[in-house]
Each structure stands twice: as structure tokens, then as C-alpha cells.
Amino acid sequence: MNYVASIGSYAIMIKEVFKKPTKWRIMRSLILKEIDELIFGSLGILIFISFFIGGVVAIQTALNITSELIPKNLVGFATRQSIILEFAPTFCSIIMAGKVGSYITSSIGTMRVTEQIDALEVMGVNALNYLVFPKIVALLMYPFIIAVSMFVGILGGWMAATFGGHSTSADFAEGLTLDFMPFHVTYAFIKTLVFAFVLATIPSFHGFYMKGGALDVGKASTTSFVWTSIVIVILNGILTQLLLG
Amino acid sequence: MIEVDNIHKSFGNAHILKGISTTFNKGQTNLIIGQSGSGKTVFLKCLLGLHEPEQGTISYDGKAYGKLTGDERRNLRQEMGMVFQGSALFDSMTVEGNVRFPLEMFTKQSKSEMQDRVDFVLKRVNLVDAHHKFPSEISGGMQKRVAIARAIVMNPKYLFCDEPNSGLDPKTAIVIDNLIQEITEEYDITTIINTHDMNSVMEIGKKIIFLKDGLKAWEGTNKDIFKTENEAVTNFVYSSDLFKKVRQMYLEERN
Ligand SMILES: Nc1ncnc2c1ncn2[C@@H]1O[C@H](COP(=O)(O)OP(=O)(O)O)[C@@H](O)[C@H]1O
Ligand SMILES: [Mg+2]
Chain B
1 MNYVASIGSY AIMIKEVFKK PTKWRIMRSL ILKEIDELIF GSLGILIFIS
51 FFIGGVVAIQ TALNITSELI PKNLVGFATR QSIILEFAPT FCSIIMAGKV
101 GSYITSSIGT MRVTEQIDAL EVMGVNALNY LVFPKIVALL MYPFIIAVSM
151 FVGILGGWMA ATFGGHSTSA DFAEGLTLDF MPFHVTYAFI KTLVFAFVLA
201 TIPSFHGFYM KGGALDVGKA STTSFVWTSI VIVILNGILT QLLLG
Chain U
1 MIEVDNIHKS FGNAHILKGI STTFNKGQTN LIIGQSGSGK TVFLKCLLGL
51 HEPEQGTISY DGKAYGKLTG DERRNLRQEM GMVFQGSALF DSMTVEGNVR
101 FPLEMFTKQS KSEMQDRVDF VLKRVNLVDA HHKFPSEISG GMQKRVAIAR
151 AIVMNPKYLF CDEPNSGLDP KTAIVIDNLI QEITEEYDIT TIINTHDMNS
201 VMEIGKKIIF LKDGLKAWEG TNKDIFKTEN EAVTNFVYSS DLFKKVRQMY
251 LEERN
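Those protein sequence lines, which keep their order, are chains B and U. Read left to right, the first sequence gives residues 1 to 245 (the UniProt record's numbering). Read left to right, the second sequence gives residues 1 to 255 (the UniProt record's numbering).
Using 25 Å as the maximum straight-line C-alpha spacing, the simulated DSS-like pairs for lysine-lysine come out as follows:
#, chain 1, residue 1, chain 2, residue 2
1, B, Lys19, U, Lys67
2, B, Lys33, U, Lys111
3, B, Lys33, U, Lys133
4, U, Lys108, B, Lys20
5, B, Lys23, U, Lys108
6, U, Lys212, U, Lys18
7, U, Lys111, B, Lys23
8, U, Lys111, U, Lys123
9, B, Lys211, U, Lys18
10, U, Lys67, B, Lys20
11, U, Lys108, B, Lys19
12, U, Lys223, U, Lys212
13, U, Lys108, B, Lys33
14, U, Lys111, B, Lys20
15, B, Lys20, U, Lys63
16, B, Lys33, B, Lys19
Not the full set, but computed from the structure, chain U residues with beta-carbon under 7 Å of chain B:
#, residue
17, Leu48
18, Arg77
19, Phe84
Since the hints were derived computationally from the structure, they do not count as laboratory data. Cβ atoms here follow ideal geometry from the backbone N, Cα and C, with glycine treated the same way.
Working from the sequences, and respecting the hints, build out all of it.
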């Protein structure tokens with residue numbers, strides 16, 4: 001594959017998405033449908049995973065404190081930092097690249113191979129605006145589920161730490177507030193919004209421009225997951241250096 | 001009427017259409033025939049404006065596509081209806097939703113006006129009790145009818161059908177062919193149909209063009225196709241023994 005050409009077509013696609021908008025009355029119902037599918041449809045899995053990862057982070061931290069010199073509030077502190085800074089925004093986005101990303105690629109890809117996209121274009125509909133724009137708007141609500149994920153992750157950490165006998169509630173709570181920097185939350189949500197855009201557009205790109213038949217839809221979903229993850233990880237590095245470095 | 005003059009279309013190094021010229025008249029079913037892979041779909045997509053030919057002109061009732069502005073092209077698009085090979089119905093919408101879609105997108109009609117129009121075209125294609133079903137819940141023949149209904153709901157001047165009866169049983173295929181022909185004559189539409197179905201050629205081939213190796217190898221009517229001495233056409237059309245016999249009987253009867 002020619003990467004430079006792909007990046008070029010991706011940029012052209014983004015430009016097209018914002019051209020010749022679909023009637024608002026129709027767009028509104030498309031957006032609501034996507035919010036239901038992409039946002040509320042992902043809430044369950046993210047809550048489930050966040051809860052257990054939060055718990056495991058707390059347990060692992062506690063088990064690795066062997067020296068008496070290390071304060072007990074480290075468990076809460078470490079849980080908060082890892083959940084807010086990395087787990088919720090980045091790790092959840094990789095999970096979303098699998099869940100939401102493959103859904104987007106396969107649904108748009110199926111429309112491509114069954115000529116439904118051609119049908120839209122023949123009618124004079126801007127298919128990119130019709131299909132991709134509502135997904136971008138819906139994913140503007142992505143920070144909302146990431147906030148839920150942060151909360152549940154920390155809750156999981158607290159429950160594992162206290163019920164597992166690794167820390168007391170008081171120590172954990174003290175760790176949660178220790179050296180708290182509000183900018184860390186801002187940083188996390190900036191990342192989240194950038195990843196939301198990536199999650200909406202890269203899988204759409206792979207679905208929209210795919211060629212072939214049903215089997216190729218599956219292949220496109222896999223490729224899309226790989227690229228979405230890679231781009232998220234790279235952007236995570238860049239944004240972290242820019243915002244915190 | 002659509003006039004095509006010397007159009008060329010390539011994908012990379014593959015030169016698919018190598019200079020095709022012809023005229024498609026109004027109020028009649030025009031057929032494009034040729035083997036699989038001969039470029040019928042590419043040709044149709046050029047006529048639809050989905051592919052831009054590198055060379056040549058296409059005129060719609062005298063308006064050359066290449067000279068139209070963006071807005072004029074969009075208006076022209078709304079005068080076209082297309083029935084895709086696999087029907088290409090939107091799976092996320094009901095039968096009614098599919099037919100209503102162009103009206104919702106491009107007209108300012110009220111809900112009840114739209115409903116009347118949707119009921120009318122669905123009745124026209126003889127589909128009366130599938131309004132609220134999804135495409136996956138109806139047969140291939142019914143899907144084709146819905147696709148035709150969706151294609152004509154905006155009263156098109158031009159109707160394009162890509163192998164409208166592929167995947168249908170012979171009886172349903174004839175019903176669909178006849179439906180397209182009736183609608184074409186009734187509403188005076190310029191209809192162009194891609195096919196490799198010999199029944200269609202015999203039944204509704206008011207004008208036939210035969211594509212081979214990217215060129216128009218023959219053109220004529222379904223009457224002419226019995227008489228032609230063009231070997232490429234006879235090899236293609238009379239590839240089955242049955243059709244060879246039919247042709248022989250036809251020619252003997254005339255002599
Ligand atoms: N978008 C495309 N990109 C590259 N090649 C294409 C494309 N569309 C069609 N072709 C090629 O053009 C040729 C003609 O295809 P097509 O028009 O679909 O044939 P037909 O409809 O007559 O069966 C085929 O060899 C096909 O591979
Ligand atoms: Mg074809």
C-alpha cells in the first residue's frame with residue numbers, strides 16, 4: 001500500500017465529509033441513531049473492563065509495595081494516575097477501535113460492496129457527509145463515556161484495595177487527592193476528543209474506499225482496527241510530549 | 001434521449017471502453033449486451049456520471065454533461081433513476097423507507113404527499129403488502145420491484161438498470177422485464193438496460209448494442225438480431241443450442 005497516497009485520500013475524504021450537508025431533519029435522526037449505537041452501545045463493555053482494570057491496578061500496586069518506607073496512600077494515587085492519564089483515554093480507545101471501529105468499517109464496507117453507496121451517489125446524496133458526519137458528531141460525546149470509565153475504574157480500584165485488604169478507605173482516599181493536578185484531567189479529555197475523531201474517521205475511510213466482496217469486508221475491518229490502534233498510539237505519544245513534556 | 005460520442009474509460013492501465021458512440025431514444029427500452037466483464041456496468045456508470053470518461057461526450061436531451069455546472073449536474077442526477085444489479089436497497093430501512101428516501105432528501109413534500117406517492121409507486125410495481133418489511137425479509141423478485149419503485153419515485157427522465165433480472169427465476173425475470181418496459185412507455189422514459197439474458201433481448205430489445213473488447217461491435221433491434229451475419233453477435237447470442245434452433249426456425253420461416 002502506498003501510505004502517502006492513503007494519507008492524501010484520507011485528507012480529501014475529511015474535506016468531502018463537511019461539504020454539501022444533508023438536510024438537517026434527516027441528519028438529526030442519523031446523529032441520534034449513531035449516538036445510540038456508538039456511545040450507549042459501548043457503555044456496558046467499557047464499564048465492565050474499567051472496573052476490573054481499576055481493581056487490578058490497585059492490587060498490583062499494593063502487592064509491589066514491600067518497603068515500609070513507601071506510604072500506604074500510594075495505592076489510591078497510582079490507581080488515579082494510571083486510570084485518568086492512560087487507561088481511560090488511551091486503552092479504552094484501543095478497545096473502541098475494536099468495537100466501534102470494526103462496526104463502522106463493516107457497516108460502511110457492506111454498503112460499498114452491495115452498491116448502496118453508489119445508490120446514494122446516483123441520487124445526488126453526498127455519501128460521505130451522509131455516512132461519516134453523523135458518526136463524527138456522535139463521537140463528540142465520547143468524553144462522556146470516558147468520564148464514566150474513569151469513575152468506574154477508580155471505584156474498582158477502591159473496592160479491590162479495601163475489600164481485598166490491601167489498603168484502608170482513608171489511605172486510598174488520601175492517595176486519590178494527593179498532588180492532584182486539574183490539568184491532567186484536561187490533558188486526558190483533549191486526548192479523548194482527538195481519539196474520538198480518529199475512531200470516527202479512520203474506520204469510515206477503510207469501509208468507504210474498500211473494494212471487493214463480503215470476504216474483503218472482514219479483511220477491511222481487521223486492517224482498520226490495526227491502523228486505528230497505531231494512529232491512536234502514535235498520537236498519544238505526540239500529545240503527551242506536547243501537553244505534559 | 002441520450003447521445004454518446006466516442007467515450008473512453010480506463011482504470012490504471014486497463015482500457016475498458018475504447019471509444020463508444022450511440023444514441024438511446026426516449027420511450028423505449030435500450031439494451032446493452034455483452035459478456036461478463038465486457039464493460040457494461042462501467043458504461044452504465046459513465047452514463048450515470050458515477051465514472052468520468054477520459055474522453056468523449058455524453059448529452060442528455062441535448063445537454064452535454066461536461067459543460068454543466070455543479071448545480072446543473074445535481075439537477076440532472078435527480079432526473080435519473082437506477083436499478084442496481086443487487087437491488088442495492090438500504091438494509092437499515094423498510095421497503096417504504098427505501099422508496100420514500102429520495103422524496104425526503106430532495107423534495108419539500110408533506111408527510112401525506114410523500115405517503116401518497118410511495119403508495120402509488122409501490123402499487124405500480126405490484127407490491128402491496130410489504131410496506132413495513134425490511135429488504136432482508138423479502139424475496140429477490142420483490143427486492144427488484146422495490147428497487148424499481150425507488151428508481152421511479154422522483155419521475156425520472158432516464159432509467160438505468162444493471163442486469164435487472166440476474167438472480168431471478170425465468171418467470172419472475174420476464175415479469176420484471178415487462179414491468180420495466182411498461183413503465184418506460186407509460187412515462188416516456190429513456191431506459192437503458194444492461195443484460196446478458198437472451199429472453200430480455202428477444203422480449204424487450206427495442207434497441208440493442210453489443211459490446212465486445214471495449215467497442216460497440218454491433219447495434220440493431222431484436223428483429224435484426226435474428227438476421228445478422230455478424231459473427232461476434234451470433235456467437236454470443238446463439239451460444240446455446242436452443243437459441244441456435246430458434247434462429248434457424250425463424251430464418252426458415254421467413255424464406
Ligand atoms: N472501479 C474499477 N476499478 C478497476 N477496474 C474496474 C472497475 N470497475 C470495473 N473494472 C473492470 O472493468 C472491466 C469491466 O467490468 P464491468 O463493467 O463490471 O463488466 P460487466 O458489467 O460487463 O460484466 C472488468 O475487467 C473489471 O475488472
Ligand atoms: Mg456488470
